[in-house]
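K.L.:
Same order as they appear, the protein sequences are chains A and B. The first sequence stops at residue 373 when you use my numbering, and every number in between is there. The second sequence stops at residue 235 when you use my numbering, and every number in between is there.
Because the hints were derived from the structure by calculation, they are not lab data. Cβ atoms here follow ideal geometry from the backbone N, Cα and C, with glycine treated the same way. Be aware that a few hints might be false.
What the hints assert, rightly or not - To be clear about the criterion: a stretch of chain A counts as covered by chain B if any three or more of its residues have a C-beta under 8 angstroms from a C-beta of chain B, and this derived list gives those stretches:
(1) 112-125
(2) 209-219
(3) 341-353
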Amino acid sequence: MSRAPLLPVLMLCAIGAIAAATLPFAHVAPNRLLSGIAQRPHPWLFAALWGALAVTAWPRAPRGLAIGCVALVIVALPWCLAHEATTWLAGARATTRVQAGAGFWTMWLAAGLLLLDRLREVGRGWQVVVWVAVTGAVGGYAVAGGFDGIAVVREFHAQHDAFVEALFTHLRLCVLTLSLALLIGAPLGLRTWRTRRGEGVLLGVLAFLQTVPSLALFALLIGPFAWIATRWPVLGAWGFGGTGAAPAVFALVLYALLPVVRYTIGGLEAVPADARDAARGLGMSRWQVLVRVQLPLGWPVLLAGLRIVAVQTIGLAAVAALIGAGGLGRFVFLGIGQGATDMVLLGTLAIIGLALLVDLLFQGVLALTERRA
Amino acid sequence: MRALLPAATLVLLLLGLPHAAPWFHAGWPSLSHPLYVRTSFVALTVSHLLLVVSATALATAIGLALGILATRPAGRSLLPTVRAVAVVGQTFPPVAVLAIAVPLLGFGAAPTFVALVLYGVLPVLGQTVAGLDAVPAAALHAADGMGYGRWRRLIDVELPLAAGPIMAGIRLSAIVSVGTATIGSAVGATTLGSPIVEGLVGNNTAYVVQGALLVGALALTVDGLLAMAARGVGR
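Chain A on its own, in the form it takes in the complex (with noise of 0.2 angstroms):
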């Protein structure tokens, strides 16, 4: 049996002790904009729980029951903050919020981090059932309505469908920019690799655009769009101004442009010339070896450049909420402006969580790719 690193263990595990016996788990508060006090049940529990983590990193300690213990502790946090949230719920005022603390979100991120470690030693099969177990669990609570006591969730049932429309307006703006960017992008890329002219100037160009902050950016295209509007009506019509998607989309653009045109060229690159020349000698055309020699050997590289832009995509397009763009970034800058946390929480939650699936669905994606290759 190979031994465990047990560095990593001990070090986390010592984060999550620390956490526990520190930081608020959770706080209590008489309505969603107030303020709320600070809850720490049981300190000494949680950070004897930990401890026991840390003796699962035994090197001679099974690897399943450690794998396990770790999977158990991620469902047993957000179930025990529910479970303490219906006491101190009971007998409160209807406005009473509880709030899940630093305390909580550190040994949360802590157990999870352990988790990725310790299933870094088994299969990938293994690892996307022990994944799937715990989020199932988690998920299969939240859905039942476990979690309802929690301020976050109770602010989700007020706002649905407010919030269900802020996700798919990000999403939309998301699928716009990619397939804009990808679709200017990518010929930008390929007539720049073939004519061997001009890929400093073009990526020199892109990378000056990159290093101006987004704010600034969505912010400068007000007055030029807002004059389009008012020049050509139809266009206004039709949503189009200084403010809204249009700009924002536009800036979006931008910003991927970068990183689509370099991994276009970077995939171009990583397809041997001899398969090029073979496919030459076999009487194939230009835009025969394109789509039948080189997309199919370039594309990992190229899928490889799409994960970047999604995510970065998926955050720089909450900025845009500022522009009046919508979007979940919404939630989070009415959050901050109403001095309401849950909301705040609400939007960046939503964010972080759909940055992680796209970028967990383009890594699957590209695994599988990796496989038929």
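Following the hints, position chain B against chain A.
P.N.:
Same frame as chain A, but now just chain B:
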């Protein structure tokens, strides 16, 4: 050259904008106050820069220390965990990190500073690990053969050879910081984003343009300066 042009633009903007009220009056005749005067542009630029420089310095220190630790024999086993944190961390958008810091630290410069540091550590850490990992084994053997101790080998051989990637990480970290600090004005930090956010809220496009021009010039100046520094280090 790459730093000179944006730096010159920034200085010209800082000197010229306070006297440009008539121009903005002509451009936006409907606005009664077309020039941002709540805080001087110089003060905004200085506080923006201070925030970015202090956060990037701390992030560099943390990133370098963690990167060095994770590539030493004693800390090797931390490397996969460090990599996982970096990969997961990169999917967290800067806005999200900023928003999470607010309920913990309140409004003002503090949450912005913490967000800048947290987010700035990742590029430095990633590039430090990559740079130190890419040091040729021959160089390490040569250093060992010459009787270098572990510290001396690290400082005289490994870090200079890894300086290129590390500088690239610091540059990326600083650029992201300039952008995130701009958004930080939405949570109460005083930066060049303040005129932009106030202009967006109050429908004053002139404020927005003033802030955006300055912050764009500042970002390009910082990027140019760090590119120059990187070239100096690489030589």
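K.L.:
Decide, hint by hint, whether the structure agrees.
P.N.:
Verification of the hints:
1. As drawn, the region 112-125 of chain A meets chain B at 4 residues by the rule of a beta-carbon pair under 8 angstroms; at three or more, the given contact holds.
2. Only residues whose C-beta sits within less than 8 angstroms of a C-beta in chain B count toward coverage, and the region 209-219 of chain A has 8 of them, enough to reach three; the restraint holds.
3. For the region 341-353 of chain A, the stated coverage by chain B is satisfied: 7 residues place a CB nearer than 8 angstroms to a CB of that chain, which reaches the threshold of 3.
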